[in-house]
Each structure stands twice: as structure tokens, then as C-alpha cells.
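Protein chains: 2
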Amino acid sequence: MLERYELEAFLTLAEELHFGRTAERLRVSTGRISQTIKKMERRVGAPLFERTSRKVVLTAIGERLHEDLRQANRLMEAGLARAVNTAAGIHGTLRVGYSAPWNGNLMIKAADAFHSRHPGCDVHIQEVQLHDPLGPLRAGDLDVQLTEFTFDEPDITTGPVIAHEPRALMVPADHPLAGREAVSLEDLADFPLVTIAGAIPQYWLDQHYPSRTPAGRPVPHGPAATYWQEVLSLVATGKGISPTCVRAAAYYSRPDLAFIPFSDAPPVVYGLLWPTDRVTARVRAFVQTLSEITSAALSDA
Amino acid sequence: MLERYELEAFLTLAEELHFGRTAERLRVSTGRISQTIKKMERRVGAPLFERTSRKVVLTAIGERLHEDLRQANRLMEAGLARAVNTAAGIHGTLRVGYSAPWNGNLMIKAADAFHSRHPGCDVHIQEVQLHDPLGPLRAGDLDVQLTEFTFDEPDITTGPVIAHEPRALMVPADHPLAGREAVSLEDLADFPLVTIAGAIPQYWLDQHYPSRTPAGRPVPHGPAATYWQEVLSLVATGKGISPTCVRAAAYYSRPDLAFIPFSDAPPVVYGLLWPTDRVTARVRAFVQTLSEITSAALSDA
DNA sequence: ATGTCTTACGGAAGACGTAATAATA
DNA sequence: TATTATTACGTCTTCCGTAAGACAT
Numbered sequence: 001m002l003e004r005y006e007l008e009a010f011l012t013l014a015e016e017l018h019f020g021r022t023a024e025r026l027r028v029s030t031g032r033i034s035q036t037i038k039k040m041e042r043r044v045g046a047p048l049f050e051r052t053s054r055k056v057v058l059t060a061i062g063e064r065l066h067e068d069l070r071q072a073n074r075l076m077e078a079g080l081a082r083a084v085n086t087a088a089g090i091h092g093t094l095r096v097g098y099s100a101p102w103n104g105n106l107m108i109k110a111a112d113a114f115h116s117r118h119p120g121c122d123v124h125i126q127e128v129q130l131h132d133p134l135g136p137l138r139a140g141d142l143d144v145q146l147t148e149f150t151f152d153e154p155d156i157t158t159g160p161v162i163a164h165e166p167r168a169l170m171v172p173a174d175h176p177l178a179g180r181e182a183v184s185l186e187d188l189a190d191f192p193l194v195t196i197a198g199a200i201p202q203y204w205l206d207q208h209y210p211s212r213t214p215a216g217r218p219v220p221h222g223p224a225a226t227y228w229q230e231v232l233s234l235v236a237t238g239k240g241i242s243p244t245c246v247r248a249a250a251y252y253s254r255p256d257l258a259f260i261p262f263s264d265a266p267p268v269v270y271g272l273l274w275p276t277d278r279v280t281a282r283v284r285a286f287v288q289t290l291s292e293i294t295s296a297a298l299s300d301a
Numbered sequence: 001m002l003e004r005y006e007l008e009a010f011l012t013l014a015e016e017l018h019f020g021r022t023a024e025r026l027r028v029s030t031g032r033i034s035q036t037i038k039k040m041e042r043r044v045g046a047p048l049f050e051r052t053s054r055k056v057v058l059t060a061i062g063e064r065l066h067e068d069l070r071q072a073n074r075l076m077e078a079g080l081a082r083a084v085n086t087a088a089g090i091h092g093t094l095r096v097g098y099s100a101p102w103n104g105n106l107m108i109k110a111a112d113a114f115h116s117r118h119p120g121c122d123v124h125i126q127e128v129q130l131h132d133p134l135g136p137l138r139a140g141d142l143d144v145q146l147t148e149f150t151f152d153e154p155d156i157t158t159g160p161v162i163a164h165e166p167r168a169l170m171v172p173a174d175h176p177l178a179g180r181e182a183v184s185l186e187d188l189a190d191f192p193l194v195t196i197a198g199a200i201p202q203y204w205l206d207q208h209y210p211s212r213t214p215a216g217r218p219v220p221h222g223p224a225a226t227y228w229q230e231v232l233s234l235v236a237t238g239k240g241i242s243p244t245c246v247r248a249a250a251y252y253s254r255p256d257l258a259f260i261p262f263s264d265a266p267p268v269v270y271g272l273l274w275p276t277d278r279v280t281a282r283v284r285a286f287v288q289t290l291s292e293i294t295s296a297a298l299s300d301a
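If you read the sequences in order, they're chains A and B.
Quick note on my numbering: the first sequence kicks off at 1 and runs consecutively.
Quick note on my numbering: the second sequence kicks off at 1 and runs consecutively.
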């Protein structure tokens, strides 16, 4: 049987094909890698790598061994991770929700990362309708969700902010504002606003569908829709205009709609929410994973 | 990642469920097993075994980890064995033959053992017809075979003896000898002998189908068959009698045939043969495996 | 009281780093 | 000559056996 350090040295060298980098990754000296590989080769009875001081490549036997050991190692790591996570309470099924389709890819990426870190815990992703943003969380149908902030409810914990999206105004394609490069919050005073109705706190509605412009002029409210597709139809048929995100243009593109960016509206803030009395270890772990992914994406850019 | 000794201690203890036996199998002290398991449990963050001084059982987490690690370990062992064997030239396909059906189970057992020792080497088993016992070996269709001894050919190596089978006489069910408890080689003088014809050395035929009894009386030879099933039919229809093994009674049982053990004939000797100029490493390895299996079976009995 | 798992301590094996050496482009 | 793999040697971690202790039946 192979020693742990032999397995690691072999797998890393098979990946890096460079003794120096292998040693660096494993935090040991290059001499150790050289000796370890040589020891394995004595045991196998044949060279595993063909090497000069300029190039390192796997031999046929080494190639095959690499396949086998890589898979064995993955099983071992996954099994160990599962055990550790189960012991830490991170197991079973985690149900996560999100409201904006442009966050869908992010959620799927997060779910993949989460599942590879915590093999014993499955993730179910589902959409949350804006007309009842807190219903699934409170009903116990979801453990955590990514939604448009800001909420302030005693039974719901407000987690970290995950993303910001610049705002845009959605208008009919033949609307007077449709040709503009940008719009202002002051423009809201001039046309009826299509809003959303449902189990939504008034303060949240006021944030997204204000009753007055920054200058204090009243904003006329038009019809209220339950589902998002109704909002699109109401706006398209000239019943009013409605604020949304710039990225909505890409996700809800229709010939009868136009999206014009706001010049003066703060971005929509997306963050995590979960029921305060149901913070499980797996919820904490998912929040952690998603936070790391987004901060890593930020540092990439 | 787990150390080699941790993996082995865990897997063995999960099998044995006993610290003492585990230590014995791994040739270490029981204290070492105890410490090693405790270390793993600290790492996982939960007990892997529920133990009193009377009983050791896996916990749920331990059970799951056992599944994963066992498979990982098997992959590692198989991969390493494959590499070692490939380096030693034991790879590709080994074709083995056997002539007597009562050796079929033994051959399959040997092939299984061989394949688990040498995962990179496949084994094909096929029957050899008695009328041309050396043809497939010489044609290169077989690498090694288990056949009735004795051969003495310059191009064929005679390997170790694998089995002995007591002889019996095959006669028609209504034959005068059919009711006897035992027969003697001297009885061969009284009835025509059904023999085999083909590419068979004369000295081999003389061993199995003698022309004279031990007392020197001539043995009358009747018809000669090519295939074994023809021998059965010829004997059944009264054309003669034919010597074979006692175990043939179990494998070729027919209402019109009877098998009577010889009281004075030496057993049939089964041994391995291979072409002298084509002894490959895999042939040697198979001979080794089969020898070990049969000597182990002997020591069991 | 016995069998079994756990803990404590000293010793030896061997994994490791440092540094000199060899080999290749 | 510069870069990289290999070898040599002393150090130090840590795995191990011995033996005494704890626990359950």
C-alpha cells in the first residue's frame, strides 16, 4: 500500500510534470519529491516518469497508474469530506431559492462548489416569486434565498450582500422615453407606475416603487401585478412603466419593450436571507461558499 | 488526506470489529490501533465506532466512510498491482486450456485469483479436445493448459502436477461388469477397448489405453473415436469398454452407462503444459497461482 | 476475575531540509 | 551558464512496542 506522501507526490507530479512546482505545492523540498518518486519506481519495477532536467512526462505505466490513483484519491477525499461534514451537521438536502434569473448561473455555480465541498449534502435550487418573497422561507419550503434587499423582519436574518445590479426603467417600445440614453428618477412623476402586489412589506415596496421622486413630486401608481410576466404585459400594452435592472433587458427581451438605464438610481442590492430560528450548519456553509465565490469573482475582475 | 496506516487500521477494524484481531492482522500493538482510530475520530469530529470493552460497531458516519474508503483502497491496490504486473510483463491476455470438465471449476477459481492479483491481465479459458491435446498449444492458440499427463515432447515443457483422479471403467449399463463393486486392469483382456484416435503420441495412448494387462495378457482394441461424446456412444451401444476417471460418472451420467472403479489402476495425473519457447511472465505467474491454489486446497483437507 | 480497550513513556525508523553534485539546453 | 533533477547527511518528527490503567461483563 502507498504512503500518504507517496500518493500526494505522485499525483501532484503527474499533474505539474515539474519537480520544483510539485515540491512547492506540497511544501517540501525538491529532493524529497525526487526520492519519493524513485522509491515508488523501485517498488513498481519500472519508471513512472521519463525525465531529463528539462522535461518530465509520464510513461505508459505511469499514465495508467495516474488514472487509477487519481480516482482512488478522489473517493478517499470525498468520503472523508462527507464524514467531516456529516459530523458537522452538513448533510441531507439544502433548499435554496433566488428571485432574479440573472442570478441563476451564480446559484448553480455555488451549488456545484457546495456539493463538491460537502459531498453528503444535496442542493435543490428553485425560483422565488416576487409577489411573496418571504413565503417559502417562512413556510419551511426553503432554507435560504438570494433576493432583492432590503428586508427587516424579526424572524428573518439578513445575510451578506452578494451582488449589485444597476437599475433601468422598463417602458413600451413606442414610449416617449424609449429613445432616451438614460432616465432619471424624476421621470417617474410623469407616467403611471406598474407595481407588484402580494405578501410584500410596505417598506420594501416603497424602496422599489417609490411614491415620491427625490425632489418630492408624487409618483402616480398604475395597475399592480402578481407575477412578473404580468408586469411585462402591462408595460408592453401601455398601462404604465416599471423600474427594474439593466440586465432585465437581456433576460426579458421583447420587441414591444425597451429598457433605459437610470442615471441617478442606486443599484439593486441582492443578498441572502434565512429564517433566524432555522440557521442550520448547512445554511451557514452555503452562505460561506457563496460569499467566497463572489469575493473570488470580484478579485478576478 | 489519510496516512497509509490510518486507512489500513480503519478498514481492518471496520471488518474485524475487534481491536485485538485488527492489531494482530496488521502486526502492530492494540494500543496503536486505538490511538490511530481516535486520531481519525478527532479529525472527522465524530465517533466512527461505538465501542465498549465487549463490542465494537460502526456508527452511521463510520459505516458510510467504510464504504467510501474500501472502494478507494481497492482502486489503489488494483492500480498499483496493475503497474507492478505490467512492469513485470504480466499484462495482455492469457489463454489457458483444460481437457477434463471436472477441472473446470478449478480453472475458473484460478482465473479469478489470477485476475485479482494481476488486474492488468485478462484470462481466457477454453476446453481442449483429447484427440489433439497439443495442437492449440503448438498453434499458438493457447499459452498454457491443464491436461492428462504424461507428455514428453521436446518443444513442450512439463509443469507441476495439479491433481490426481482415481480411474474407473466405463461400461454399458447392461454389461456383465456393470454390477461389480470394482474392476481390475486384468478385466481389460476380456472385452474390446474403445480408444481415442487423433494427433496423439503413441506413448500417451499406451499409458491410457494399454495393449497388455499387467499380467501380460493382450488387450483387444475395438473402435477408436475422435471426440469424447463418441466414446460414450460407442460404449453405450456395446461396441466396447473404456477406462476413464471415477468423476466421469458425475459429469457424463447416462442411463445406458455404468462406471466401476478400478482396484489396481494408478490415478490419472493432471498437470500443466506450455510451449517451451513461449514461457512468458504471465504463464509463469499463472502456473504459480494455480500451484498455490491447489496446495492451499490440499492443506485445507 | 477476565477479557478488552485506552493511556503513558521511551526508542527507533524514516521523512525532511540543507547543500553539494550531475545533467541538459 | 542557467535551470533542474539527483544524491548525501544530519535533524527531528512521529510511529511503534511495552506495560500499566480503566472499563464492562
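These are calculated hints, taken from the structure and not from any lab test.
Keep in mind that this is a model prediction, so the values were computed, not measured.
Fair warning: there could be bad hints in the mix.
Quick look at which bits of chain A chain B covers, simulated, 3 or more residues with Cβ under 8 Å [as the list claims (entries may be wrong)]:
| hint | stretch |
| --- | --- |
| 1 | 4–15 |
| 2 | 76–90 |
| 3 | 136–142 |
| 4 | 282–295 |
Positions of the beta carbon are idealized from the N, C-alpha and C atoms, including for glycine.
- Task: Would you pick out the hints that fail for this structure and give their numbers low to high?
- Result: Per hint list: 3, 4 violated.
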